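Asks: If you're matching them up, the sequences are chains F and V in order. Using the numbering used here, read the first sequence as starting at 1 and increasing by one per residue. Using the numbering used here, read the second sequence as starting at 1001 and increasing by one per residue.
Note that these hints are calculated values from the structure, not bench results. On a predicted model such as this, the values are computed, not experimentally measured, just so you know. Errors might be hidden in some of the hints.
Where chain F lies over chain V, by a calculated footprint (3+ residues, C-beta under 8 Å) [claimed, not checked]:
# : segment
1 : 1002-1014
2 : 1080-1092
Not close to chain F: a few residues of chain V, all C-beta gaps over 12 Å, as computed [claimed, not checked]:
# : residue
3 : Gly-1039
4 : Arg-1041
5 : Met-1128
6 : Arg-1129
7 : Ala-1143
8 : Ala-1145
Where is the CB? At the ideal position from N, CA and C, for every residue including glycine.
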Amino acid sequence: MEKSLFRFIWKYSSRQQIFIILVTVLTYPVVYFLLELPKLIVNDAVQGDNFPRDVFGFDFDQIPYLVLLCLTFLGLVVVSNGLKFYLNVYKGRLGERMLRRLRFELFQRVLRFRLPHFRKVSSGEIIPMITSEVEDVGGYIGEAFALPAYQGGMLVVQIGFIFMQDPLLGLAAISSYPIQGYVIPLLQRKVILLSRKRVKNVRVIADKVGESITGVAEIHANDAAAWHSADISDRLYENFKIRYEIFNRKFLIKFLNNFMNQLTPFFFYLIGGYLVIQGNLSIGALLAVIAAYKDLAGPWKLLLSFYQMTADVSVKYQTVVENFDPSDIYDTDRLTSDDTVTLDGDVKFDRVSFSGGAAGQEVMDISLTVPAGGDCAIVGPDGSGRSEVLQLAAGLVSASSGKVFIGDHDLDKLTDATLGREIAYVGGAVHVWTGTIRDNLYYGLRHRPLAPPERVGDDLKNYKRRVNEAKQTKNPIYDLAADWSDLKAAGVGSDEELDQKALELLETVSLDNDIYRLGLQSRFDPSMNDTFAEKILEVRKSLAGRIASDAKLGGLVELWDRDSFNASASLAENLFFAVPSDPEISMDEVPDLEEVKKFLAETGFDEKLQQIGLKIAETMLELFANVSGDSGLLGSYSFINQDDLPEFERIVRIAKSGQQRPGLTDADRSKLTGLAFKLVPARHRLGVMTDDLRDEIIVARKRFLESVVKNGDSFVAFDPDVYLPPLTIEDNLLFGRARVDRRDARRRIDEVIRTIVEETGLRRAIIFAGFSYHVGVSGSRLSAGQRRKIALVRGLLKNAKITILDDIATGLTEDDKILRDGLRQFLSEKTFLYGTSNAEIAAEFSQSIVLDQGRISDKG
Amino acid sequence: MTLETEVEALRKVPLFRGIDETKLRLLAFISERTEYPSGERLCSQGEDGDCAFIILSGAADVLVNTPEGEKKVAQVAENSIVGEIAILCDVPRTATLVAANDMDVLTVSKDDFLKLLKEFPDISLEVMRTLALRLERTTRDLADARRGASGG
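Same shape as in the complex, but just chain V:
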């Protein structure tokens, strides 16, 4: 796969939808292209996060630690970005990622991602918008959950 195909994949990531192509190319270029065979860990809950992952192909299981051991809570699939929270706000990884099948991933290091945001404010805006959307959804989920809890 070359830069061009990566850009095609990036375009499908909602976070980067509004960003023009040359910047995506730059993002792709400064990212590291890594492969993960099925079962390999991308990151572990609790460790310091120094990069975000953009899944080009394949899928990863999201696991969280519970008293009974690791428990799968979700799966992330192609064209999604994960781990960006850790690089934006310096918190330890909130979950473990394990490759569910053979994966192709673009890894953006924290430093470079921040540099990119600084360099191109429109990417920052897009990130902000996505995060705000997510927050809105989480808030609504939370409200639903509360309502459900009090109702039940």
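So that you can see chain F by itself, here it is in the shape it has in the complex:
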């Protein structure tokens, strides 16, 4: 990578830079004429005589001449500003493109790092380098050549003018330059060093903040918050010190500049005055020189600040780039090449040694052969070199001596395109990507875009522009919107078959039940798949039938019924008999919805609900007044949590006092309404629900359905014949509430739902719906075991020739044993390497190799 910023700029934008300079030069005459014209207008057109004037062979009288000159002036103003506008946009665009190129290059280099290199760098340091640290470079690139060329040119012209008036004065004008030229770089060098230090310090801060976030549970578990606070605070102080020093020096440079610039007129007045008195210089010339000198200060100042900026940006560039140039970085080809070879043949280690840079991470002089299609256990505790051997076999790390072959191919010479497709590796520390389960399962099939989407009209235009920009900045032109799933590699013919295969594998690793449960809890958009929604409605109907016929079952649920009150549902659900279309809207936000507000006011329910809310708040305050906050009672049973308690105390106090001022604010009222909305009468037996109120609610419900639900799309009504997208699949199946006043009603109903779902063959569809479950940041919404299994299925779906598993399903339990048998069965045609620390498990495999301290101690 280019070590210096200027080399980088010149290499990738020399043509554009020359163009910028040319256009800049083009503005010279325009600006010159623009300055000359007013003089001409005043002296010649207004005060002149002997008209008409001859312009390009046309005669002009005084007035037309004036108009002509003024119009020319106007034209030049437009041209000059237009050029400036064009130039600025051009420069900005160039800067952004170069920045994009730089950032992508940096990211691609991260992908090219060898795995052991990541032990030395942390994401907390790399991220700010690629994002914020290079930001200034973009703004600078457009000016890199144009500004010195333009302002330097101005400076030379002005100095030339002064020299022409009088060489001695010329010397005086530039007398301070040598001193400035010497002192300022000296000071600037120190500033550069300080900026480097600052950048590095900020990186450490970023890294520490990142680490604190990752390890926040440890911080609390060990009460180490004080230590971390002190650590960060110390770093911040360091930052302050460096910054302060930089300020001091920067302003010192500014001070020196200003001082020197104002010192020069001193020489002018002295030398120039002397020359005028002696009669060697006219007073007019002296004044002209002084005026010219004033014009000199502008370019000079700009050049100096450009110099400072250059130093600053260069240092930032270098400080970033030096981190992305490790000597052992992979070739770009390894990453981007589409060349693939088929890896048939035995896995062969030929006297392989490798060192990960720490004790327990090395292997020495390993020679082994695993026949194609065979299975082999690599046995050894952590630190025996087991993981390293498996990573070597996967081509993830390279041997320091010796060679790893699969068939005739040296793994070190192969590209990612081969290694990542022909070998499936699932290590002990798996990573699940933020996204859906489907994204994660099919991740191993997304190597290249396969079928681009059809684009027309604006879409096509945008796409072309995107490709064009990518080409200009050496970014890849892979289409993110294309279909990436390589069905052929997975050995299936269609998306449905792929889903089917994934389901089979999920069953093999017994993750299907988990996904089924996630599927029940997920929402789906019926417009995507009508038949599924219809099936759910069928199940709903047969469930309702079963509930109606079986009194025992009937006692466990309260189904939605337009004409009766559902005591196991909240007051809001009862009143609206509908749910907000947007499932993200929480119960606290509902009272603030425009249509809800209007409806409540019209029906007079706003007052009633506020009274109920007030009563609830009062009861809660009374009940929990003597309960300490940390007992946990409040959190699990009250509507109000500990933090909101004082707020409601205030509301109740105001409401009780009956004062008009300060009365309850709208926000307070909404809070009370929200409280009432959350009331589930069968659970919270606060005695606020009277029979009259129930009847009123049922009447009002009909009005809400008529006025709000029908006329808008912000609510979806409970309708036995309609799938309700805002509800989970499970709630849609049941179409009611399990009674909260019956023990285990929820569980018992779930069982019934499960049997009906299985009878109707809906289970698969629900599992597929579960594929769309969002797993949270890095799979945080899954358990560690689920994450491993997902990674395992991801690896198996690749249908690779060689499968390598390390530390997966290594338990001695019956479940794990069945899973291992299943894996061996599934992979019976393929080469299968399995890492474990347990010799007993290894005995299940047809071949095993025992590692001890990096050497093979036994083969069996």
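Guided by the hints, dock chain V onto chain F, whose structure is given.
Replies: Positioned in the frame of chain F, the structure of chain V alone reads:
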């Protein structure tokens, strides 16, 4: 039934007789109100107990497992608390409870009951007193039984 009526019922439970009303209200509020139709099981002998039952109305048969099958040994009626042993000392249910008629029951989960005891020591005292009384009675019964056995 509302909280108030529940409190009235709780007041009649000997274990809670000495406890003031606001605490009873809290107890009632954090408990789950459940209905059991006649014949439904409240709990089964041998399973882990995670809650105590306060019978507001109706009655339950107490059954124990014998080699000949389940055998009714007692009946618990309104205003009594059952199953509290299981939540106090982590032992499996010592008997099966089956609703003898339609019942109305307050269910207090183990966690909440313990939290409540911690929060209000006077409830603990009352529980202790009741248990001690029961122990005294059991001891006396046992002594009587022994005397009866040796005498017979």
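Asks: All hints are to be evaluated individually against the structure, with a verdict given for each.
Replies: Status of the hints after comparison with the structure:
1. Look at the segment 1002-1014 of chain V against chain F: 4 of its residues bring a Cβ nearer than 8 Å to a Cβ of that chain, three or more, so the hint holds.
2. With a threshold of 8 Å between beta carbons, the proposed coverage of the segment 1080-1092 of chain V by chain F is violated, since 0 of its residues qualify and at least three are required.
3. Interface exclusion of Gly-1039 of chain V from chain F breaks down, the closest Cβ pair being 10 Å apart, not more than 12 Å.
4. With a closest Cβ-Cβ approach of about 9 Å to chain F, Arg-1041 of chain V is found to fall inside the 12 Å limit, against its non-interface label.
5. With a least beta-carbon separation of about 20 Å from chain F, Met-1128 of chain V lies farther than 12 Å from that chain, consistent with its non-interface assignment.
6. With a cut of 12 Å on Cβ distances, Arg-1129 of chain V stays outside the contact zone with chain F, its closest approach being about 22 Å.
7. The non-interface label for Ala-1143 of chain V is consistent with chain F: the shortest C-beta to C-beta separation is roughly 38 Å, beyond 12 Å.
8. Under the 12 Å C-beta cut-off, the non-interface status given to Ala-1145 of chain V relative to chain F holds; the minimum distance is some 35 Å.
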